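Between the sequences and the hints, there should be enough to build the whole structure, so can you do that?
There are 2 protein chains.
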Amino acid sequence: MVTLKDLAQRVNRSVTTVSRALAGYSDVSPKTRELVTKAAADMGYIPNTMAQRLQKSSTDTLGIILPGYGEGFSEPFFTEFLAGIGKMSSKYGYDLLVTYVHTRDELATYKKMIVSRRVDGFIIVRTLCVDERVKYLCETGFPFAAFGRVDHDNCFPLVDEDGEYAMGLIADHLAERNHKRIGVICPPQFIKSAKVRLTGLKKGLLKYGITLDPDLVQIGSFDQKGGYEHAKLLLGLPDPPTAIVGFNDMVAMGAVHAAHDMGLNVGKNLAITGFDDIPMAEFCRPPLTTIRQPINQIGGMVTELLIQRIKTAGDTDFEVQQTILKPELIVRESSGG
Amino acid sequence: MVTLKDLAQRVNRSVTTVSRALAGYSDVSPKTRELVTKAAADMGYIPNTMAQRLQKSSTDTLGIILPGYGEGFSEPFFTEFLAGIGKMSSKYGYDLLVTYVHTRDELATYKKMIVSRRVDGFIIVRTLCVDERVKYLCETGFPFAAFGRVDHDNCFPLVDEDGEYAMGLIADHLAERNHKRIGVICPPQFIKSAKVRLTGLKKGLLKYGITLDPDLVQIGSFDQKGGYEHAKLLLGLPDPPTAIVGFNDMVAMGAVHAAHDMGLNVGKNLAITGFDDIPMAEFCRPPLTTIRQPINQIGGMVTELLIQRIKTAGDTDFEVQQTILKPELIVRESSGG
DNA sequence: CTGAAAGCGCTAACAC
DNA sequence: GTGTTAGCGCTTTCAG
Chain V
399 MVTLKDLAQR VNRSVTTVSR ALAGYSDVSP KTRELVTKAA ADMGYIPNTM
449 AQRLQKSSTD TLGIILPGYG EGFSEPFFTE FLAGIGKMSS KYGYDLLVTY
499 VHTRDELATY KKMIVSRRVD GFIIVRTLCV DERVKYLCET GFPFAAFGRV
549 DHDNCFPLVD EDGEYAMGLI ADHLAERNHK RIGVICPPQF IKSAKVRLTG
599 LKKGLLKYGI TLDPDLVQIG SFDQKGGYEH AKLLLGLPDP PTAIVGFNDM
649 VAMGAVHAAH DMGLNVGKNL AITGFDDIPM AEFCRPPLTT IRQPINQIGG
699 MVTELLIQRI KTAGDTDFEV QQTILKPELI VRESSGG
Chain B
399 MVTLKDLAQR VNRSVTTVSR ALAGYSDVSP KTRELVTKAA ADMGYIPNTM
449 AQRLQKSSTD TLGIILPGYG EGFSEPFFTE FLAGIGKMSS KYGYDLLVTY
499 VHTRDELATY KKMIVSRRVD GFIIVRTLCV DERVKYLCET GFPFAAFGRV
549 DHDNCFPLVD EDGEYAMGLI ADHLAERNHK RIGVICPPQF IKSAKVRLTG
599 LKKGLLKYGI TLDPDLVQIG SFDQKGGYEH AKLLLGLPDP PTAIVGFNDM
649 VAMGAVHAAH DMGLNVGKNL AITGFDDIPM AEFCRPPLTT IRQPINQIGG
699 MVTELLIQRI KTAGDTDFEV QQTILKPELI VRESSGG
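So the sequence lines, in the order shown, correspond to chains V and B. Those letters in the first sequence? Residues 399 to 735, by our numbering. Those letters in the second sequence? Residues 399 to 735, by our numbering.
Certain hints may be false.
The list treats identical chains as interchangeable, and a pair is accepted whether it falls inside one copy or across any two copies.
[As the list claims (entries may be wrong)] Straight line, CA to CA, 30 Å or less: simulated BS3-like cross-link-like pairs of lysine-lysine: (1) Lys666 <-> Lys489; (2) Lys509 <-> Lys593; (3) Lys605 <-> Lys485; (4) Lys724 <-> Lys709; (5) Lys509 <-> Lys489; (6) Lys623 <-> Lys666; (7) Lys436 <-> Lys623; (8) Lys605 <-> Lys510; (9) Lys509 <-> Lys403; (10) Lys510 <-> Lys403; (11) Lys436 <-> Lys509.
By construction, these hints were calculated from the structure, which means they are not laboratory data. Computed from a prediction, not measured in an experiment: that's the story for all the values here.
Okay, here's the thing in structure tokens:
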């Protein structure tokens, strides 16, 4: 491994000078600079990252901590999100450290990463209504940015969808098609986005004088399996819904499957909607009416917010950047086209 | 941030002694050890990772480098794979560094990570028949482990599916159901797994005296969209296939969609098979006949191989560990049940 | 314009 | 048992 010292020897200069030449300081003679630059290229010099990090006491690394299994964050959606984060990180020269945690105590992992100085900041996904991670990071002032809001103090950099607005679009869509008995399959309500969406749906329907029958609200699903089972319950009721709103596309697809098993024709005698617009939503049968969010870009946006936050970490009076995105309704056959 | 020095001052010992007490060296008096341990807990001492890494010149970090978009590696499949890697890494105390690369020159990223000493080893996914990454890493002797083999020298730690065997199962399955004209939709043949699978399918069918009509082999798809388009081509032929073999589940689902658009009843007058058994395969319509691989565990296995390789990096004569897994055929409705 | 010296926090020979 | 010293590779005062 070639070090600054090796380089210095080669060009007959001190380590200091070489370091400065490479760092682009102005107080280096053009001759020396060229000499050094050439030699560096020649010998294939690349700084030792760990040495730099130790000395700067910053890591140029962003952390994302994920639960062992991605409950509530559907896979295709997540993959794109992660890619968005990764792309933006590398654009700004940051490494991305991904940690999977299997224990209950997620917070311990955050603490460990902070105190062992492994990352400069965190990206938080799938915020909870009461989110210990957010609380902790806010208290300690450690940089982070989130995709999603929380119930308590939203005083941190974040990007979020306007879930209420999105569900308003769904409500309009279904109401226009004369649905009155509407079923819902959603993730646990301690997940912030799930709560917002349910509230939004209720509000949206109320505009049309429709209220949700509590029996038709199935809570606790986040994947196809859950969607399947909950849809079976709903459709087996004496007075079943004519439309089912799934809170993500996976759930909706599970519901489609259940409907089919029960001899229903989705899009004809039952409407089903999803959320996320994963690539498959267009290519499943029937194609899914859903809400589109530019998840890849969202990943990038959160990352940019975080990096900005890290760079202004010293500033006492930085502005908290927040972006709320208006999602878009994509109408396909599953809701009657 | 509390450092060894702080600790040393507190207990009136030298930094060295404190370090050794914490590292569990035997030449420390029990009294000192206890004193130190207690103080460390008290002050919340955690070693500075970067300092440790600089001094050990090892990073305790595994790297995985991904193309900007996961072509050829279906999303749900990939998520599980990554989770498997992440879980195992953290079990062994390794960090996982994920890098997304958008440029053509993937290899440059590998080189950079190595020479800037950012990771101790790499996990390679989606091996190519002629794989520059593998070649380079083999040449330089930098530790890595791969999911998949290559055409050239397979002299490295790897886990792979037995793709030939898997396709044999598909061939048996279709032949038993009297299919003779069989269509294929597969990724580009420079991807090793795609090539192996195609070879395997041909071999498997030959046992029944069936040969693949070249017109029925569509090459170049890896997602639903490609599957959809290629299936349309196949089914639009004057003498269309009675079965379509998709080389992954996404492609197969796209094909299902195309078949439906053309008025065919998948599982009845057209058989379609997939590969991977992503969670959705069970819950789409019709449920997909496919090949199951324990992808989460595979991720873990590759990771273990890599860690083992890293730990034996000095040894001149380490044994190259390789595991080839027998996949399993999952029969569902899409192929007639 | 350049170099000597200090230090980031830690570990490991090597004395005592 | 414990401390002194040196050094991982880099950046950054501070003199000259």
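*asked:* Regarding Lys510 and Lys403, is the shortest C-alpha distance of 30 Å or less found within a copy, between copies, in both, or in neither?
replied: Result: close only across copies, 20 Å inter versus 34 Å intra.
*Homomeric proximity label, Lys436 with Lys623: Cα distance no greater than 30 Å*: Cα proximity of Lys436 and Lys623: none, with 61 Å in one copy and 49 Å across.
_Same-copy or cross-copy closeness of Lys605 to Lys510 [CA-CA at most 30 Å]_ = So Lys605 and Lys510 fail the 30 Å test inside a copy (48 Å) and across (58 Å) alike.
*asked:* Cα distance capped at 30 Å. Does Lys623 pair with Lys666 within a copy, between copies, both, or neither?
replied: Intra 23 Å, inter 25 Å, cutoff 30 Å: intra and inter.
_Treating 30 Å as the Cα threshold, decide for Lys666 and Lys489: within, between, both or neither._
For Lys666 and Lys489, the Cα distance exceeds 30 Å both inside one copy (47 Å) and across copies (50 Å).
*Please work out whether the CA atoms of Lys605 and Lys485 approach to 30 Å or closer within one copy, between two copies, in both situations, or in neither?*
Neither: 42 Å inside a copy, 47 Å across copies.
_At most 30 Å between alpha carbons: which applies to Lys509 and Lys489, within, between, both or neither?_
This pair counts as both: shortest intra-copy Cα distance 27 Å, inter-copy 17 Å.
*Given a CA cutoff of 30 Å, do Lys724 and Lys709 count as a within-copy pair, a between-copy pair, both, or neither?*
within (28 Å within a copy, 50 Å between copies)
_30 Å Cα threshold - placement of Lys593 relative to Lys509_ = within (28 Å within a copy, 46 Å between copies)
*When no copy is specified for Lys509 and Lys403, does a C-alpha distance of 30 Å or less occur within a copy, between copies, both, or neither?*
between (36 Å within a copy, 21 Å between copies)
*asked:* Please sort Lys436 with Lys509 into within, between, both or neither, judging by C-alpha distance up to 30 Å.
replied: Classified as between; 19 Å across copies, 44 Å inside a copy.
Consistency with the previously given hints fails for numbers 1, 3, 7 and 8, ordered from lowest to highest.
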